[in-house]
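Here is how the chains run, residue by residue.
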Amino acid sequence: MTKSKLQRRSDRAVEWIFTAIIVLFAIVCLVPFILVLSSSFTSETSIIQKGYNLWPKEFSLDAYKLLFASNTIGPAYGVTIFVTVVGTVLSMLITSAAAYALSCSQFYHRNKVTFFIYFTMLFSGGLVPTYLWITKYLHLTDSLWALILPSLVNPWNLLLLRNFFKGIPESLSESARIDGANDIVILFKIILPISLPGLATIGLFYALAYWNEWYKALLYIRDSHKYPLQYLIMQIQRNTQFVQQNAALGGAATEGIVPAYSSQMATAVMTMGPIILLYPFLQKYFVTGLTVGSVKG
Amino acid sequence: MSVFKAVRKKDGGAAAVKKPTLVQDIRRNKWLYLMCVPAILFFIIFSYIPMAGLYIAFVNYKPSTGIWGSAFVGLKNFEFFFTSKDWITITTNTLFLNVLFIASSTIASVAIAIMLSEIKNKWVKKITQSVVILPHFMSWTIVALFSVALIASDGLFNRIIVGLTNDPNKAIAFYNTPGVWPVLLVFFKVWQGAGFGSIVYLATITGIDQEIYEAAAVEGASRWQCITRITLPLLKNTIIMLTIMSVGKIFYGDFGMIYALVGNNSLLYPTTDVIDTYLLRSLQENTNMGMTAAIGLVQSLLGFILVIVSNKIANKFSPDAALF
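Read top to bottom, the protein sequences are chains Z and Y.
Following my numbering, the numbering of the first sequence begins with 1 at its first residue and continues without gaps.
Following my numbering, the numbering of the second sequence begins with 1001 at its first residue and continues without gaps.
Next up, chain Y with everything else stripped away, as it sits in the complex:
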């Protein structure tokens, strides 16, 4: 994905020409600049101004005086959060769930891509691919309804469990058993995203030179050997790159999914409460805007640092896999 490479790549062709200043460039390409204006305005209004608004993390916010009129309190808001008990729970939950999600989704997506690429029957391939991608286009609110039909006390899972064991007491009360939720969330995550995630891997596999496989077949390699010795190593860069991208978001713990599936069921907070759901709750309860913003700032900063660091690491051992 050289989407990112291009960000830093300098224009080779223009090197011979004298470097135009910004004003010269605007004068020469006024239409092109004009076409960027709406997008630039959008990012200023909806991305950069809120970034400046992070100043609220350093004040004792009072709605009456606004962000800039409230008293500056330094790092008080951060202290307040880090001395609370909540922060350990929500941070561990966020990291733990995300590591589970990243690992399971990546493995499932790669497996689906490889299996699809090995299936020769065109119809089977086409239909199964269409079906496994479909859940990605359902919003989490719909998936939440699906989950009710699956895990409610009279849902499909419990009917299967009761049917197999013939014992109604074996039924699991999913909605007040926090322990099973990491597994459930992983299930829904893989169900919803693995098929869609396999598209990129499948494209990489399709892009592999077929002659490599033909040569291997001539040498007597089995299909399984081709997968482990050719396909997987060639997928390595894509896997690393996509993992870096998810690692950068590791502090953002799939809010949509968790909020839609768990909602305000406080019984499940011990294993499902993540930074984002905690933030939303603090915002709704309007307790302390400054502290809530402070948590958001820590989250953004750590995410930012993580992307940079993991990218550095990727650059070191496999430059092709780095984002920038």
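The shape of chain Z in the complex, shown without the other chains:
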């Protein structure tokens, strides 16, 4: 029995409807980005009078001029880049070493170690003990290490990477071992070079987590010169709201407006810019990487 004409038509209708829905959802996903980008190039008065628009009604670079003239975004960029680079490198070293060891079948007690790691995903000490431990005992308040050390190893990433390594035939490391190489040499000379897609995926996850970190800054960073970008944005937003509410209460004049709305949006553009620019190049890694690592294993 082959498909009737009617059925073929209904099949095509299904595909058209699906395409329409997906395209619509994609547009919904894009709108906020466009809104923010457009607002950052709009003059402050236009935003106040006409609201946020998808296309700048009065084009203006004031927000960016103000942003570059201020001395907040520069240091924040520095903090974020430092945390992302140092954090990702350290995370990758520690994670890949442990992931490799746990992928070797000759490591007899590896399942116990794996459980030791896995358990931290099931149960945690929670906010208070962690906060007191880091501030009162480790004295990391106002240290950039407070943004790095607590997220050095993500158990999920570790197990994902271990699964990548498990997919590599053990005969490769076995023959190197017979030649007298130790496991650290094997990891760097044999395993890592052939695991680049997996490493790229995990590295990307770590880098994004560090780049997007703001919660730890909220908890541990008091010094405004050490705010990372994401937390700076939150502060700017909260301050704008505060000023706006006070202005509304006090009925302040709108003369000499500081570009608060547009500069917020400009800061957002500066923060997400690098991610969006790199995204097309990195996307293929995490889509293939994530699926290979998680579903097969």
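Don't take each hint at face value.
[To be verified] 20 Å max Cα-Cα, derived SDA-like pairs, lysine to any residue:
1. Z/K5 x Y/Q1225
2. Z/K112 x Y/I1045
3. Y/K1030 x Z/N182
4. Z/K284 x Y/H1136
5. Y/K1126 x Z/V14
6. Z/K189 x Y/W1031
7. Y/K1125 x Z/V28
8. Y/K1030 x Z/A176
9. Z/K112 x Y/K1019
10. Y/K1126 x Z/E15
11. Z/K226 x Z/S151
12. Z/K5 x Y/A1221
13. Z/K284 x Y/K1126
14. Y/K1122 x Y/A1203
15. Z/K216 x Z/I236
16. Z/K216 x Y/R1281
17. Y/K1126 x Z/I21
18. Y/K1249 x Z/S151
19. Y/K1126 x Z/A26
20. Z/K284 x Y/S1130
21. Y/K1316 x Y/T1243
22. Z/K189 x Z/E170
23. Z/K216 x Y/Q1284
24. Z/K112 x Y/P1020
25. Z/K57 x Y/V1162
26. Y/K1312 x Z/F123
27. Y/K1125 x Z/T19
28. Y/K1122 x Z/I21
29. Y/K1030 x Z/S151
30. Y/K1249 x Z/T120
31. Z/K112 x Y/T1243
32. Y/K1189 x Y/T1106
33. Y/K1125 x Z/I17
34. Y/K1189 x Y/K1312
35. Y/K1170 x Z/Q49
Derived from the structure by calculation, the hints contain no laboratory data.
Since this is a predicted model, take the numbers as computed values, not measurements.
Here the structure of chain Z is known, so what remains is to put chain Y in place on it, guided by the hints.
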């Protein structure tokens, strides 16, 4: 995801060899053990020591005397919390919002995955997939700014509402209308996470043997029938497994999102205050560390029990879907 299966699976190949003791194993694989040391140290310092620190939930914490020097008060801290009015609000909010999030995200992710898999045009598929995943990589602080542009009194939503109704009084003051926030939060949650969540489902669909579909097509099945009779049943295990994982986190109510979007706007607390935001506030106000830790402990314990229980249930009716 046999990530978890391997945790309990015993090594079949080594069964014939005599089981080495820990010391023997360390001596033989000293490099492998050495490579685990940094990670193990990390988990001891940043996971297990704070777990031990949960002892603070049972003391009357005084900063001057520290955790171990403060007086032991038994379950007083727990009593204090459970007799307060707050706990009912924040617990119901947490559970209610999370159930909404889990249901909406799962449905949206599965739907996106199925729709993407049915689209034949390569370009449309590739571009839309890239676009719907992108929001996942934005931090909640950025999304909070997006939300301002969308829901502020002069934001896009209100401009659309006013534009459609031609009545400026119809505009919604989102920031002091707690009732609309569960819907708004679900919107942002789906906006941010559904595309990314669809990756795993899409991978499962791609992994389905194409011959099944070909055979069904020969039998005269329509595309829609293929979806409901083949794709959805085969996605069942993945859906169950991922739902179990989210159920385990049901007491953790997406703190990042709620704190970034709602902030300290107490007008919205009736519908948005969850356990985590409450915890942070208690910590910042430094009222009672012991009680705050007690809430955290209850949260962790309930989460732990939930994972175990839901996993047991999954094991019973669909062993492949269980985590461990």
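Checked hints:
{"no.": "1", "hint": "Z/K5 x Y/Q1225", "in the structure": "holds, 16 Å"}
{"no.": "2", "hint": "Z/K112 x Y/I1045", "in the structure": "holds, 18 Å"}
{"no.": "3", "hint": "Y/K1030 x Z/N182", "in the structure": "holds, 10 Å"}
{"no.": "4", "hint": "Z/K284 x Y/H1136", "in the structure": "holds, 15 Å"}
{"no.": "5", "hint": "Y/K1126 x Z/V14", "in the structure": "holds, 19 Å"}
{"no.": "6", "hint": "Z/K189 x Y/W1031", "in the structure": "holds, 15 Å"}
{"no.": "7", "hint": "Y/K1125 x Z/V28", "in the structure": "holds, 16 Å"}
{"no.": "8", "hint": "Y/K1030 x Z/A176", "in the structure": "holds, 16 Å"}
{"no.": "9", "hint": "Z/K112 x Y/K1019", "in the structure": "holds, 14 Å"}
{"no.": "10", "hint": "Y/K1126 x Z/E15", "in the structure": "holds, 15 Å"}
{"no.": "11", "hint": "Z/K226 x Z/S151", "in the structure": "holds, 18 Å"}
{"no.": "12", "hint": "Z/K5 x Y/A1221", "in the structure": "holds, 13 Å"}
{"no.": "13", "hint": "Z/K284 x Y/K1126", "in the structure": "holds, 10 Å"}
{"no.": "14", "hint": "Y/K1122 x Y/A1203", "in the structure": "holds, 16 Å"}
{"no.": "15", "hint": "Z/K216 x Z/I236", "in the structure": "holds, 17 Å"}
{"no.": "16", "hint": "Z/K216 x Y/R1281", "in the structure": "holds, 15 Å"}
{"no.": "17", "hint": "Y/K1126 x Z/I21", "in the structure": "holds, 15 Å"}
{"no.": "18", "hint": "Y/K1249 x Z/S151", "in the structure": "holds, 19 Å"}
{"no.": "19", "hint": "Y/K1126 x Z/A26", "in the structure": "holds, 11 Å"}
{"no.": "20", "hint": "Z/K284 x Y/S1130", "in the structure": "holds, 9 Å"}
{"no.": "21", "hint": "Y/K1316 x Y/T1243", "in the structure": "holds, 16 Å"}
{"no.": "22", "hint": "Z/K189 x Z/E170", "in the structure": "holds, 14 Å"}
{"no.": "23", "hint": "Z/K216 x Y/Q1284", "in the structure": "holds, 13 Å"}
{"no.": "24", "hint": "Z/K112 x Y/P1020", "in the structure": "holds, 14 Å"}
{"no.": "25", "hint": "Z/K57 x Y/V1162", "in the structure": "holds, 19 Å"}
{"no.": "26", "hint": "Y/K1312 x Z/F123", "in the structure": "holds, 17 Å"}
{"no.": "27", "hint": "Y/K1125 x Z/T19", "in the structure": "holds, 9 Å"}
{"no.": "28", "hint": "Y/K1122 x Z/I21", "in the structure": "holds, 16 Å"}
{"no.": "29", "hint": "Y/K1030 x Z/S151", "in the structure": "violated, 27 Å"}
{"no.": "30", "hint": "Y/K1249 x Z/T120", "in the structure": "holds, 13 Å"}
{"no.": "31", "hint": "Z/K112 x Y/T1243", "in the structure": "violated, 26 Å"}
{"no.": "32", "hint": "Y/K1189 x Y/T1106", "in the structure": "holds, 11 Å"}
{"no.": "33", "hint": "Y/K1125 x Z/I17", "in the structure": "holds, 14 Å"}
{"no.": "34", "hint": "Y/K1189 x Y/K1312", "in the structure": "violated, 28 Å"}
{"no.": "35", "hint": "Y/K1170 x Z/Q49", "in the structure": "holds, 19 Å"}
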